[in-house]
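As a plain string of letters, each chain reads:
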Amino acid sequence: MTDPRTPAVERGKLRVSWADAPGIWGFLTTVDHKRIAARYILTVVLLLFLAGMLALDMRLQLAMPDMERMTPQLYNESFSLHGSTMLFLVSVPVMEAMAIWLVPLMLGQRALAFPRLAAFSYWLYLGGVLMLWVPHAFGITPDLGWFEYPPLSGPAYSPGHRADIWAQMITFTEVAALSASVNVAATVLKMRPPGMTLARIPLFVWAMFLSALMTIFALPAVMLVTSMLISDRLVSTQFFAAGAGGDPVLFQHLFWWFGHPEVYIIFLPAAGFVSVIVETFSRRTLFGHAAVVLSMLGIAALAFGLWVHHMFAVGLPRLGNDFYTAASMAVALPAGIQIFCWIATLWSGRPRFDTPLLWVLGFIVTFVIGGLSGVMTASAPLDQQLTDTYFIVAHFHYVLVGGAMFPLFGAFTYWYPKATGRMMSEFWGKVSFWLIAGGFNLGFFPMHILGLQGMPRRIYTYSEGMGWGTLNMVASIGSAIAVAGGLVFVANAAWSFYRGRAAGPNPWDGSTLEWAVPSPPPPHNFEATPVVDSLTPMWTQKEGLAVMSGLAVDRREVLVTSVVEATPEYRQKSPPPSIAPLVAAIAVTILFIGSIFTPWALVWGAVPVGIALTWWFWPQRERAKTGPLRARSR
Amino acid sequence: MSDAVPTRTVGDLSDLPESAAGASHLVWWGNIGFMAIEGTAFALAAGAYLYLMSQTAGWPPDGVRPPDLLWPAVLTLGLFLSEIPNLWVRRRAKAKDERGVRFGTLAMTVIGLLLLIPRGFEFAHLNVAWYDNAYGSLVWMLMVLHTSHLITDIGDTAVQSVWLFTHEVGDDQFADVEDNANYWTFVVLTWLPIGALIHLAPRLG
Amino acid sequence: MSARRLALLPLLALSACEGGFQSPLAPAGEQAASIGSLFWLMMAVCGFMYLLVLTGLGVSVLRARRRRGEVRAPSINPGDRGLNRGLLFWAGLIVTGLTVLITGSFLVERGIAEARARDALEIRVTGHQWWWRIQVRDPATGGWIETANELHLPLGQTTRVSLGSADVIHSFWIPNIAQKLDLIPGRINQVDLTPTRAGWFRGQCAEFCGVQHAHMALDVKVDTPQEFATWLASQRRPAAAPADAVAARGLQVVARGQCAMCHAIRGTQATGRAGPDLTHFGARRSVAAGTLTMSRGAVQGWITQPQAVKPGTMMPPVALSPADADAASRYLMDLK
Ligand code: HEA
Ligand code: HEA
Ligand code: CUA
Ligand SMILES: [Cu+2]
Numbered sequence: 005m006t007d008p009r010t011p012a013v014e015r016g017k018l019r020v021s022w023a024d025a026p027g028i029w030g031f032l033t034t035v036d037h038k039r040i041a042a043r044y045i046l047t048v049v050l051l052l053f054l055a056g057m058l059a060l061d062m063r064l065q066l067a068m069p070d071m072e073r074m075t076p077q078l079y080n081e082s083f084s085l086h087g088s089t090m091l092f093l094v095s096v097p098v099m100e101a102m103a104i105w106l107v108p109l110m111l112g113q114r115a116l117a118f119p120r121l122a123a124f125s126y127w128l129y130l131g132g133v134l135m136l137w138v139p140h141a142f143g144i145t146p147d148l149g150w151f152e153y154p155p156l157s158g159p160a161y162s163p164g165h166r167a168d169i170w171a172q173m174i175t176f177t178e179v180a181a182l183s184a185s186v187n188v189a190a191t192v193l194k195m196r197p198p199g200m201t202l203a204r205i206p207l208f209v210w211a212m213f214l215s216a217l218m219t220i221f222a223l224p225a226v227m228l229v230t231s232m233l234i235s236d237r238l239v240s241t242q243f244f245a246a247g248a249g250g251d252p253v254l255f256q257h258l259f260w261w262f263g264h265p266e267v268y269i270i271f272l273p274a275a276g277f278v279s280v281i282v283e284t285f286s287r288r289t290l291f292g293h294a295a296v297v298l299s300m301l302g303i304a305a306l307a308f309g310l311w312v313h314h315m316f317a318v319g320l321p322r323l324g325n326d327f328y329t330a331a332s333m334a335v336a337l338p339a340g341i342q343i344f345c346w347i348a349t350l351w352s353g354r355p356r357f358d359t360p361l362l363w364v365l366g367f368i369v370t371f372v373i374g375g376l377s378g379v380m381t382a383s384a385p386l387d388q389q390l391t392d393t394y395f396i397v398a399h400f401h402y403v404l405v406g407g408a409m410f411p412l413f414g415a416f417t418y419w420y421p422k423a424t425g426r427m428m429s430e431f432w433g434k435v436s437f438w439l440i441a442g443g444f445n446l447g448f449f450p451m452h453i454l455g456l457q458g459m460p461r462r463i464y465t466y467s468e469g470m471g472w473g474t475l476n477m478v479a480s481i482g483s484a485i486a487v488a489g490g491l492v493f494v495a496n497a498a499w500s501f502y503r504g505r506a507a508g509p510n511p512w513d514g515s516t517l518e519w520a521v522p523s524p525p526p527p528h529n530f531e532a533t534p535v536v537d538s539l540t541p542m543w544t545q546k547e548g549l550a551v552m553s554g555l556a557v558d559r560r561e562v563l564v565t566s567v568v569e570a571t572p573e574y575r576q577k578s579p580p581p582s583i584a585p586l587v588a589a590i591a592v593t594i595l596f597i598g599s600i601f602t603p604w605a606l607v608w609g610a611v612p613v614g615i616a617l618t619w620w621f622w623p624q625r626e627r628a629k630t631g632p633l634r635a636r637s638r
Numbered sequence: 045m046s047d048a049v050p051t052r053t054v055g056d057l058s059d060l061p062e063s064a065a066g067a068s069h070l071v072w073w074g075n076i077g078f079m080a081i082e083g084t085a086f087a088l089a090a091g092a093y094l095y096l097m098s099q100t101a102g103w104p105p106d107g108v109r110p111p112d113l114l115w116p117a118v119l120t121l122g123l124f125l126s127e128i129p130n131l132w133v134r135r136r137a138k139a140k141d142e143r144g145v146r147f148g149t150l151a152m153t154v155i156g157l158l159l160l161i162p163r164g165f166e167f168a169h170l171n172v173a174w175y176d177n178a179y180g181s182l183v184w185m186l187m188v189l190h191t192s193h194l195i196t197d198i199g200d201t202a203v204q205s206v207w208l209f210t211h212e213v214g215d216d217q218f219a220d221v222e223d224n225a226n227y228w229t230f231v232v233l234t235w236l237p238i239g240a241l242i243h244l245a246p247r248l249g
Numbered sequence: 443m444s445a446r447r448l449a450l451l452p453l454l455a456l457s458a459c460e461g462g463f464q465s466p467l468a469p470a471g472e473q474a475a476s477i478g479s480l481f482w483l484m485m486a487v488c489g490f491m492y493l494l495v496l497t498g499l500g501v502s503v504l505r506a507r508r509r510r511g512e513v514r515a516p517s518i519n520p521g522d523r524g525l526n527r528g529l530l531f532w533a534g535l536i537v538t539g540l541t542v543l544i545t546g547s548f549l550v551e552r553g554i555a556e557a558r559a560r561d562a563l564e565i566r567v568t569g570h571q572w573w574w575r576i577q578v579r580d581p582a583t584g585g586w587i588e589t590a591n592e593l594h595l596p597l598g599q600t601t602r603v604s605l606g607s608a609d610v611i612h613s614f615w616i617p618n619i620a621q622k623l624d625l626i627p628g629r630i631n632q633v634d635l636t637p638t639r640a641g642w643f644r645g646q647c648a649e650f651c652g653v654q655h656a657h658m659a660l661d662v663k664v665d666t667p668q669e670f671a672t673w674l675a676s677q678r679r680p681a682a683a684p685a686d687a688v689a690a691r692g693l694q695v696v697a698r699g700q701c702a703m704c705h706a707i708r709g710t711q712a713t714g715r716a717g718p719d720l721t722h723f724g725a726r727r728s729v730a731a732g733t734l735t736m737s738r739g740a741v742q743g744w745i746t747q748p749q750a751v752k753p754g755t756m757m758p759p760v761a762l763s764p765a766d767a768d769a770a771s772r773y774l775m776d777l778k
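Residue numbers (this note's numbering), protein chains in the order written: chain A, 5 to 638; chain B, 45 to 249; chain C, 443 to 778.
Warning: the hint list may mix true and false statements.
Heads up, simulated EDC-like pairs for lysine to aspartate or glutamate below, C-alpha to C-alpha not over 16 Å straight-line [stated by the list, open to error]:
| id | chain 1 | residue 1 | chain 2 | residue 2 |
| --- | --- | --- | --- | --- |
| 1 | B | LYS140 | B | ASP215 |
| 2 | A | LYS577 | B | ASP59 |
| 3 | A | LYS577 | B | ASP106 |
| 4 | A | LYS629 | B | GLU212 |
Far from chain C by the CB rule (all over 12 Å, computed), these chain A residues [said to hold, decoys possible]:
| id | residue |
| --- | --- |
| 5 | LEU32 |
| 6 | LEU50 |
| 7 | ASP61 |
| 8 | ALA295 |
| 9 | ALA384 |
| 10 | GLY508 |
| 11 | TRP619 |
| 12 | TRP622 |
Honestly, the hints are just simulated from the structure, not real lab data. Source: prediction; values computed, not measured. C-beta atoms are modelled at their ideal positions from N, C-alpha and C, and glycine is treated no differently.
So here's chain A without its partners, still in its complex pose (with noise of 0.2 Å):
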């Protein structure tokens, strides 16, 4: 949103307020959303291949009866590594980087409510990264599972520090997760642009609150539950011990309780994807707006009501159990409307089958087989057959693979050209489209019927007698068919970002705030403060975008507002660079590596995070003029 009119002295004046200092202090210091959401991207894509790579091993070594290419230990770390990855690691703060990213500039804002918080939550997620992955190039890598059930992962059999560094990892990946959150909730609430009242909310932003929302009352369970476990491990307390009148089930219920929202944690922010490029490419206003934002709210408040749908084998009592079945059940309604909107929306628009489109119908055929099957285990009766087998891989990868991994491939394709100010490829990402689209349901359908053949997972071998060989021949040919896929989408966005074609603000025409700015767009965003009149600004305000003028440009300023109907409430002054997030993250690694060892690392280690937040939050003003401690010369 560059405004001719716009005095090039005042355009310059913003830039160097919103300027980082150059070369790697400025790397270490920024603050900028669309910085710190590039990296977070970059090392998610980085862990999706190392994780990828993971899974196509775990794959060689099923693809026939009898493989001793792996000893079992190691396929035990295989899964556990690949899954607690893919799920803490990737899955959920892809999501978030994508908030951080998006939600300021489809608020036509120029920073996040707290962006030394958005800076600490990656230095903090890096740490959770390192925290699972440099262990694991020593040899000490976590073996069992994404979710460790005690008494297995307790101090009686799992010595040594595998079961700590998965718990430590997750208080790392979950503090920043939670921070982020904070962080994206109070941009929503506090910081829409004039005119954005709750019915005027893009439905993308919607996803991320309520995703944001979720994360708060979800995530803090599992926190708990793994510091449980650490000081189970570690101070011998009793919380999962039966013999001392603790109980392993607790620790699964504490842990579903957050493993259940998680999931839609990740889902929503997939559904916000699906909704925006929907409506931008069936050049329509989407279908059911209303009906979309109320199913998303019907799922977020359902989430915590199924947890026990993954404990059916436990042993609960059985109305309880019926219960939760009719509660997992009713998530088909909302998300069976929100289908419903999309594809009512593609039916009544003029569809226009680029790439992004392209993921989002691959997203319903794939996604729609997930969901279902999802209803089937959500039986009780027949979750006791179905549980622990493949047909529960099936399911989880359909949802995670089909229903967020392509609407984020789609997302990734459609705002690529605002991040890099160049367009993709759109022949290469079709050919990434159907190698991933077409190997993924080759090499995941098959295994739906190996779990109804009686297969477990979790796994490292069969025997040849199972009968189980052909079909796990086909998932792993399905499985390298879609990596190669994956290989081809990285190539095709690291060709494009030097070689592609020059974008322009809004390519698609898209319909949302984010399309008024330059591509890529400046430190600061936007130079004026859009004022909104409808869900779809960009296309409502085709001869030209209102904006309010005032936000000052010699010093990083931001607009608040209220938070039903969006009126300009003050101008609120927004932090410049500092290290102080990532001296203060460092600070918190001191404390949580050094936990894993001592229980007195929670003591001393308090001290130095206590100076970096001090620091951190230290407001610079002037030296009192008054009161005893006045400064007495100058």
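Got chain A sorted already, so can you dock chains B and C with the ligands onto it with the hints?
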């Protein structure tokens, strides 16, 4: 670059104030966010306590005495009385009274530190160790959770007080004082259910 | 649209997997049968809904193709009267479908829980890393007869199995006969099994329980009542005396050596409890929780190199001279 998306200016924001207090203030919402996180953690920890309590025949287990009541009673009373100065500081902050917030936060620091004394004795009179049994682990977990919040807020108040005495106080800092006072209220209020679980629940069953 | 043809594939593929070796869809028990029919009900409802979704999507895509090349200015808030009605209809359909499925699940769950006329037979199964301890209450004496890794059930009767664990969480699962249920330290879970078809079946631990979770299988034999009585009678007897000099040497090795620290062989000095009871080991179908098929070579391989056969197993390698190993395996094979 043909990056221009045409705009038309329809208003001006330069008249808006540069700061706000209470629920208008951005940071107030951040504070609420973190209280929601911690409140959830408290609730889940309490849930864990109730869960194991419902699974166990005797509560506390045979041979374990419930925690002594004297010190927690002192502490609870103290916490409630501390709300009087705390709410006063909050009002001073809203009135942007520099002197008031300087001495108010100082007083609250001292009161907080004094309250750590009964808290210390409370720990010494729990009558169970965390490693004895799951009941002991839960009691200690709840105590540690609450105490860590108490200490964090006292530390925060102390730092704030030092800063206030040594600097010119601006509107944003008055808002910070208000947020900090709200946080103290949060710590006091969460003690009600947690304290009840620790001290009263074992006396019921 | 090729997508629509794809939709039929799952149905074909699924029906092909009926009769699988360890499959919940090849029921040989009342519980598995009722869950099996629930599965097909689910498939019908979900398959139908999926077809509708694909049809809607397919038609949208086809319509779009026909209108290729039209102007594409975005249309803002078009009147969607028809679609709104469609949405209501669709929501109604989902609610109906869900009602059917929830009711179906509820009925099946209740059917499984329903009290059945039970045989007096009592069975306890305890999960160990990575094998199954099995105890059968002897109706004649009231004592417990212990065995391992092979479960015998009488055909047509309901047996209630009590499930416990000695270490970590495992899960007891015989897909052809009934649903699975976890074995959790500190709890006793109970599952009813009502086999309806005689023969051999296979169960497998279904909760990750550590390094050898893959090799924690359970042989299951559904016996006719006579067969079951014969089996019980044979289990009741103490171990057979060695038939010749080699076997006698084997007895010495097993009952006097380290083996006896962990294994019990009723009627000998071996009374260890850390490993499976071996009293009638030779009558079993497989070795080490389904890891190897029973044969002399397999047994000898196992007792000399357990860590090579099942890496990580709790049975340590015991240094045995080749002759001792040979004698021990011979003796063990004779323990019918
Ligand atoms: C993005 C992630 C994601 C999503 C969106 C979902 C969505 C759903 N999941 Fe899934 N799930 C996981 C990720 C996800 N899941 C993971 C990771 C696990 C495994 C954890 C582990 O053990 O490792 C898991 C496991 C899991 C289990 C436990 C299985 C077991 O361990 O035994 C269950 C059981 O109820 C379940 C149910 C559901 C249901 C009912 C939905 C619903 O939300 C689906 C709703 C959608 C639809 C139903 C499709 C659209 C609707 C229509 C077309 C309408 C018509 C439908 C009808 C009338 C039926 N899931
Ligand atoms: C988002 C989460 C996610 C994703 C994407 C995947 C992707 C894959 N998974 Fe994974 N998986 C899990 C989450 C995920 N998985 C979880 C939670 C578990 C449970 C672990 C446990 O039991 O504890 C699991 C378990 C699991 C198992 C079961 C192990 C067992 O129980 O014994 C298997 C076996 O085949 C498997 C295979 C694969 C394969 C072949 C892929 C393929 O790689 C999928 C197809 C390919 C792609 C999706 C593209 C790959 C992308 C790139 C190479 C880079 C591209 C980058 C960009 C586009 C930015 N996975
Ligand atoms: Cu026992 Cu898995
Ligand atoms: Cu779930």
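* Are all beta-carbon distances from A/ALA295 to chain C longer than 12 Å? -> violated, 7 Å
* To do: Starting from A/LYS577, check that the Cα of B/ASP59 is at most 16 Å away, please.
  => holds, 15 Å
* To do: Over 12 Å to the closest beta carbon of chain C is the bar; see if A/LEU50 clears it.
  => The claim holds: A/LEU50 sits with its nearest Cβ about 28 Å from chain C, beyond 12 Å.
* Asked: For A/GLY508, is the shortest beta carbon distance to chain C beyond 12 Å?
  -> holds, 17 Å
* Can we confirm that no CB of chain C comes within 12 Å of the CB of A/LEU32? -> holds, 41 Å
* CA of A/LYS629 to CA of B/GLU212, is that 16 Å or under? -> holds, 7 Å
* To do: Examine each Cβ of chain C, and state whether all of them lie more than 12 Å from the Cβ of A/TRP619.
  => holds, 45 Å
* Compute the least Cβ-Cβ separation between A/ALA384 and chain C, then decide whether it is above 12 Å. => It is violated; A/ALA384 is separated from chain C by about 5 Å at its closest Cβ, not greater than 12 Å.
* Asked: Can we confirm that no CB of chain C comes within 12 Å of the CB of A/TRP622?
  -> holds, 49 Å
* Are all C-beta atoms of chain C more than 12 Å from that of A/ASP61? -> holds, 16 Å
* **Hinted pair A/LYS577 and B/ASP106, Cα distance within 16 Å** => violated, 59 Å
* Mind checking the alpha carbons of B/LYS140 and B/ASP215 for me, to see if they're no more than 16 Å apart? => holds, 7 Å
When held up to the earlier numbered hints, the structure conflicts with 3, 8 and 9 and fits the remainder.
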